[in-house]
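Asker: Sequence:
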Amino acid sequence: MALPNYFSWRYSGVLPRAFHQRNCDSCSTAAALYCCSCVLCISQQENGQRARPQLFSVQEPVNRIPEVFGGLEAPDLNGCHGIPTRLAFRYIRQFQCARRADMPYQGRRTGAHPPLNRPRLFIDNYVSYQEEGVHVDADHWPDAIVEIVPMGGGDTVTDVINCHPIVGKAVVGDELVGDENFINRTPNMHPNMHLEVGIHALLMVGYGTSADGVEFFECLNSWGPEWGDHGFCLVERSSFLKFYYPVNPRVEGIPFIYPLYV
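Numbering (UniProt numbering), first residue to last: 1 to 262.
Keep in mind that the hints were calculated from the coordinates and are not lab data. Hints should not be assumed to be uniformly reliable.
[Stated by the list, open to error] Okay, the calculated beta carbon distance ranges per label pair: (1) Gly253 to Gly213: 44 to 52 Å; (2) Asp155 to Val68: 34 to 42 Å; (3) His230 to Arg50: 41 to 49 Å; (4) Tyr11 to Gly213: 21 to 29 Å; (5) Ala112 to Gly13: 17 to 25 Å; (6) Glu252 to Arg17: 22 to 30 Å.
Backbone N, C-alpha and C fix where the C-beta goes; we use that ideal spot for every residue, glycine too.
Take the sequences, apply the hints, and build the full model.
Answerer: If you want it as structure tokens, here you go:
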């Protein structure tokens, strides 16, 4: 059944394959890097290049963000404790990020460092949309572009999604709405999360309105392709509090020649 007011990047060819964060609480890092991949791919295609999404290393920020920003070590979560999305983007902006092929994902924090003299992902900055009423501490957002939007993002967020996917932070739990792929609180929490309600980052790839009038965002989750609808789900718009996307992602160190992804 066709959904009214529906838009999605899902079948556009710009999305990376569904990622599985495994036992590591790395959803924000994965969503941030996947968003960079999508924005970069769309930019390349708009410039006439035959581009596909590249894959960047979730492992590098998982390893290094606790080192460079501090206070995020968590042995009970394999060393990966809820890295905020803003720190994931801030890390990429300040330190760049390796490709996944150069530093593969291990599902836990390790002592490895990224290889030298290899191509890296760069961004100029990142944009953060904060819901009205959410306290914004300027010290947490050095040099970032921060704007206030209505609950659920309003037209601002859907206008951005028309241009490219973005990262959304949602309040999630285990309540189902409608069928197994339409939710306002994410079902089937990862068994190793031990959480019933929390904040979860997803890559927002589309939006629409259900047949019974519920507004939603279509999202790519980070719990693997076997979860939900091949890794995708529909999340009620009112669940989202914050939104992010990168400014001018690019890879430096290699020319833009198809195919760049691994």
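Asker: Please go over all the hints and tell whether each is borne out by the structure.
Answerer: To see whether the hints hold, each was checked on the structure:
Checked against the hint of 44 to 52 Å, the pair Gly253 and Gly213 passes, with Cβ atoms roughly 49 Å apart. At about 36 Å, the beta-carbon gap between Asp155 and Val68 stays in the expected band of 34 to 42 Å. Taking 41 to 49 Å as the suggested C-beta distance range, the pair His230 and Arg50 does not conform, at roughly 25 Å. Checked against the given bound of 21 to 29 Å, the beta carbons of Tyr11 and Gly213, roughly 25 Å apart, stay inside it.
A hinted range of 17 to 25 Å for the beta carbons of Ala112 and Gly13 is inconsistent with their spacing of about 32 Å. At roughly 24 Å, the beta-carbon separation of Glu252 and Arg17 lies within the given 22 to 30 Å, and the hint holds.
When each numbered hint is compared with the structure, violations occur for hints 3, 5.
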